[in-house]
Each structure stands twice: as C-alpha cells, then as structure tokens.
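Protein sequence lines, in the order shown, are assigned to chains A and B.
Residue numbers for the first sequence follow the numbering used here, so the first one is 16 and each next one is one higher.
Residue numbers for the second sequence follow the numbering used here, so the first one is 16 and each next one is one higher.
Hint data in this document are derived by calculation from the structure and do not stem from the laboratory.
Mixed in with the good hints there might be a few duds.
You can't tell identical chains apart in this list, so a pair holds if it fits in one copy or across any two.
[What the hints assert, rightly or not] Computed list of lysine to any residue pairs in SDA-like fashion (alpha-carbon distance at most 25 Å, straight line):
(1) Lys219 with His125
(2) Lys96 with Leu107
(3) Lys219 with Pro176
(4) Lys96 with Ile207
(5) Lys96 with Tyr106
(6) Lys96 with Val142
(7) Lys217 with Glu118
(8) Lys217 with Ile112
(9) Lys217 with Asn120
(10) Lys217 with Tyr115
(11) Lys217 with Leu92
(12) Lys96 with Ala159
(13) Lys217 with Thr117
(14) Lys219 with Leu201
(15) Lys96 with Val199
There are 2 protein chains.
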Amino acid sequence: MALVHAETSTGAWQPIEPVGRLCRTYNALFIVDAVTSLGGVPVEIDKWNIDVCYSATQKCLSCPPGLAPLTLSDRALSAIKTRRTPCQSWYLDMALIADYWTEHNRAYHHTAPISMLYALREALRLVEEEGLPARFTRHQLNSAALVAGLMALGLTPLPTPDHRLPMLTCVTVPAHINEAAVRVQLLETFGIEIGGGLGPLKGKVWRIGLMGESCTEANVLTLLNALEEIGLRSGWVSTPGVALTAAAQTYSRVTSS
Amino acid sequence: MALVHAETSTGAWQPIEPVGRLCRTYNALFIVDAVTSLGGVPVEIDKWNIDVCYSATQKCLSCPPGLAPLTLSDRALSAIKTRRTPCQSWYLDMALIADYWTEHNRAYHHTAPISMLYALREALRLVEEEGLPARFTRHQLNSAALVAGLMALGLTPLPTPDHRLPMLTCVTVPAHINEAAVRVQLLETFGIEIGGGLGPLKGKVWRIGLMGESCTEANVLTLLNALEEIGLRSGWVSTPGVALTAAAQTYSRVTSS
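Here chain A stands alone, though its shape is the one from the complex (with noise of 0.2 Å):
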C-alpha cells in the first residue's frame, strides 16, 4: 500500500494511522510519500505503522533540495534483502545501500553529496531550535488565516475541513474569475508565485504553499493583499480590505484588558 501523506495536487491531508492499522491487518508493507508533510505536520512513522517513508529536504524543512530523507522498518528491509528478483536499480537498490550505511563490512556504493548534508544539518537545527509542536502550531495558524482571507474573497477549499493540509492550501477559483491571468499578474507584479490546477484541476483552483521558513504571517498578508488589489481591479472583488480583515481576525491576539 502506497499513500502519499500531504497531496499537494489536492491540498488534501491523508489518513494515514488508520491505514496503517489496515496493512497490518492484511499483512501488507505500507510505504508513505512524507515528501510536503515532514516539518510541517506530525509524521509518526513507527506509531503509524509506516513500513517505508521517504521525504524531501526543500519542502518543511526549508533546506535546498538535493537530499531525500528515507527509513525502512525491519519488515520493509526482510523484505528487500529476501526478493527472489534482482533489484533493476543500482542508484535505488535499498540492499546496497542499507550495506553502505552499515558499520561492519561497509560495501562502497556512491560519494554522497557531502555539502547537503551539511545544509540539511543546519536546516534540522533550525527546526530543533523552533521545536516541532511550535512549527505545527506556526503552519496552522497561517494556514488558518490564509484560508479565512481566501473564503472572503469567495475562494473555498477543494478539500473537507477535516482534510485541508496546512503547508499547501487548494481553493476553487469561480469562472468569473480569470485564473491564469491572476497568476501571471501575481508573478510578475508581485514576485509572488502560487501553483495553478493539475489534470482535471488544471484551471479550477489554485495552490498556494506555506511552507517552512515560508509560512509566515507576512506572506499571507501579503498574498491576500496582492490578490485583493488583482480583484478589486479586475472587478471580482468589491470591499477594499475584506480578505486582510479576514486574517486578521485569525491572527487576532490582543484581549481587550
């Protein structure tokens, strides 16, 4: 079984523990893409159950891509080192690598790519320094106040509530809305780039992620304002300010005394 956990083609945010529980069941390996998730949201790879999960470095974890985070669990490695078939991979034949990475009878197998180890170093202190239920925290109250000023300006999360990733936030775009021009003008007026539909989305919503370092309140502010300006010229927004009073609502943290 094979669940991609932060599936930014939806921004939908998968069940994964229940799964899990499944292929233990049904004595299936479970394999999990953490590649938006890891950094951002919880990813408990052995509470869950998760036989093999992979990552990515450039995503919530905010450091240049290059690397691909990867753990095997007992059952997953038996498994490997027991197929009947030959591996068709060298560069991914987790085999070899698993006897590069062992102390005893360390097998060369590639020169790793040593200055990203370095900047992954760094980047996992930046998220030690942060702490992990203060980063969850961070990229679900921006995720909460982009979402609250997007609703305002009449885009709705393709997602239920229940499933809406915080790190990558989809919305339906409404036909009177010119998606792809938005895009350009927020690109090239702005310097803001956000993602736009994919497949049978493609032209139906937009992407927007909040990732990392790059989930601040800052930037939410200052999409929401970009596309406020776009909508206001374009027509498609009426009331100056109703999307940053949105989020603002969410940030709110002043109690009156």
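Knowing the structure of chain A, use the given hints to seat chain B on it.
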C-alpha cells in the same frame, strides 16, 4: 560499448578515440564514463564519436559531489526515444529527462538541486579562469613529479607509460613494504589519505589522486616527504631526500644563465 576513460582502480588512461571509430564501423552506441577524466585531461566527446558521456562534479572539476554532468548524441537520444520496452527507472529515464530539459512542452520530472547548480557554475568558472590547456599541463606536470618521486622509492606505476593517468597514479607496492600500515600512518600522522587496491589488487597497489584543486606541487612534495619519513623509519628507504630530489628535478624551472 561502454568504457571508463580514467580507470581509477588501475590508474589506466584508456584509449577512447580508436574504440569510438570501431563503434561507428560496427554501428554500436558508445558510452563513456568520464567521471575522473573531465577537467583533468581532454574529453573530446563528438570528435571521439561518443554517444553518451557522463561525469561527476567532485573529481577534476573540484565542485562538491552531488551532480552528474551528462550529454547524449542524437543517435543515443533517438535510440532511447524509439525503445520498444518501457524504461525500468523513473529517476534515470532519459526520455523523461529530455522532456524536462526541452523548452517546448516542458514536463516536470524532478526538483533540481539548485545550490549544487550554483556550486557547479562557480567550479566551471574557475576551470575557465585557469583555462583547459593550463589545467591539463598542471595535471601532467604534478603527476610526472609524483611518479619520479615514487619510482625513486622503488614503487613502479602499474600501467605502461603510455597509459598512465595524470590524476590517479597507481603504483605497485613491493612485498617488503607493509602497505596497509603505511596508509594508516599517512592518515593518522600526516593527515594524508591515499587509496589501497581493490579486488585482485587488494594489498598490492596504492592509488594516489591529484585531481583538480588538489593537484599541486605542494601536495606532491608533502606526500613524498611523508612516505620518505615512514620508509626511513621502517627501513625500506635508505637515502634521505631521494624522492623529493627526483620530484624536484621534474619541477626544475631555473635554467643556468
């Protein structure tokens, strides 16, 4: 036909050009591994009828490891695009990578390791600054001095004179020298790492790299001095300065006026 240009397990500089001619005669595709040669000796891809050539960044280009420069001839790309069996690998499917590199209908394949590309650009800028002819001459001169010094110590290059690589010198170690102990002393006392033999050559050869930025007169003299010191202490060198003197003669620049 697949051939390694600079064969680092033996120190052999393999003749690419005549094999390339044979490949054209018999209409075979020619793949050349230029991992260790690129940036240290000429690599004439089109002139030598090479169809696929790949290299690495961390050898004679002196860039951090993590990228593999690659080039394909039209013949090779055509063979890839007309293959009748599906490619086993997504990661190394050159048809997909060709679609990623094209300007028209560009299809996403992977997230490129941006920082590595900047590093490679800087490494190539330094190669250009020195100039390829000067770079090749530097590799030739330093390896000639190294070989002269090693031969003065009774260590003979494994390849014949016309097949000796400048960036990787492989010498046979006489039986009266405890080669593994010398390598440990070099590393622990002098901070210098040289390679031992692989496979059938294990325990019988040393492999000494002089690649890119590390290919300097200072490194040659420092290594020879360390070997002399170890050899004098262990009894397999009797004349102090014999290796350094031989190397110095190779470097000799001052002519009598």
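Against the structure, the hints come out as follows:
{"no.": "1", "hint": "Lys219 with His125", "in the structure": "between (43 Å within a copy, 24 Å between copies)"}
{"no.": "2", "hint": "Lys96 with Leu107", "in the structure": "both (14 Å within a copy, 23 Å between copies)"}
{"no.": "3", "hint": "Lys219 with Pro176", "in the structure": "within (19 Å within a copy, 68 Å between copies)"}
{"no.": "4", "hint": "Lys96 with Ile207", "in the structure": "neither (47 Å within a copy, 37 Å between copies)"}
{"no.": "5", "hint": "Lys96 with Tyr106", "in the structure": "both (16 Å within a copy, 22 Å between copies)"}
{"no.": "6", "hint": "Lys96 with Val142", "in the structure": "neither (34 Å within a copy, 44 Å between copies)"}
{"no.": "7", "hint": "Lys217 with Glu118", "in the structure": "between (49 Å within a copy, 20 Å between copies)"}
{"no.": "8", "hint": "Lys217 with Ile112", "in the structure": "between (39 Å within a copy, 23 Å between copies)"}
{"no.": "9", "hint": "Lys217 with Asn120", "in the structure": "between (51 Å within a copy, 15 Å between copies)"}
{"no.": "10", "hint": "Lys217 with Tyr115", "in the structure": "between (43 Å within a copy, 19 Å between copies)"}
{"no.": "11", "hint": "Lys217 with Leu92", "in the structure": "neither (39 Å within a copy, 31 Å between copies)"}
{"no.": "12", "hint": "Lys96 with Ala159", "in the structure": "neither (45 Å within a copy, 47 Å between copies)"}
{"no.": "13", "hint": "Lys217 with Thr117", "in the structure": "between (45 Å within a copy, 21 Å between copies)"}
{"no.": "14", "hint": "Lys219 with Leu201", "in the structure": "within (17 Å within a copy, 65 Å between copies)"}
{"no.": "15", "hint": "Lys96 with Val199", "in the structure": "neither (50 Å within a copy, 34 Å between copies)"}
Checked against the numbered hints above, the structure breaks hints 4, 6, 11, 12, 15 and satisfies the rest.
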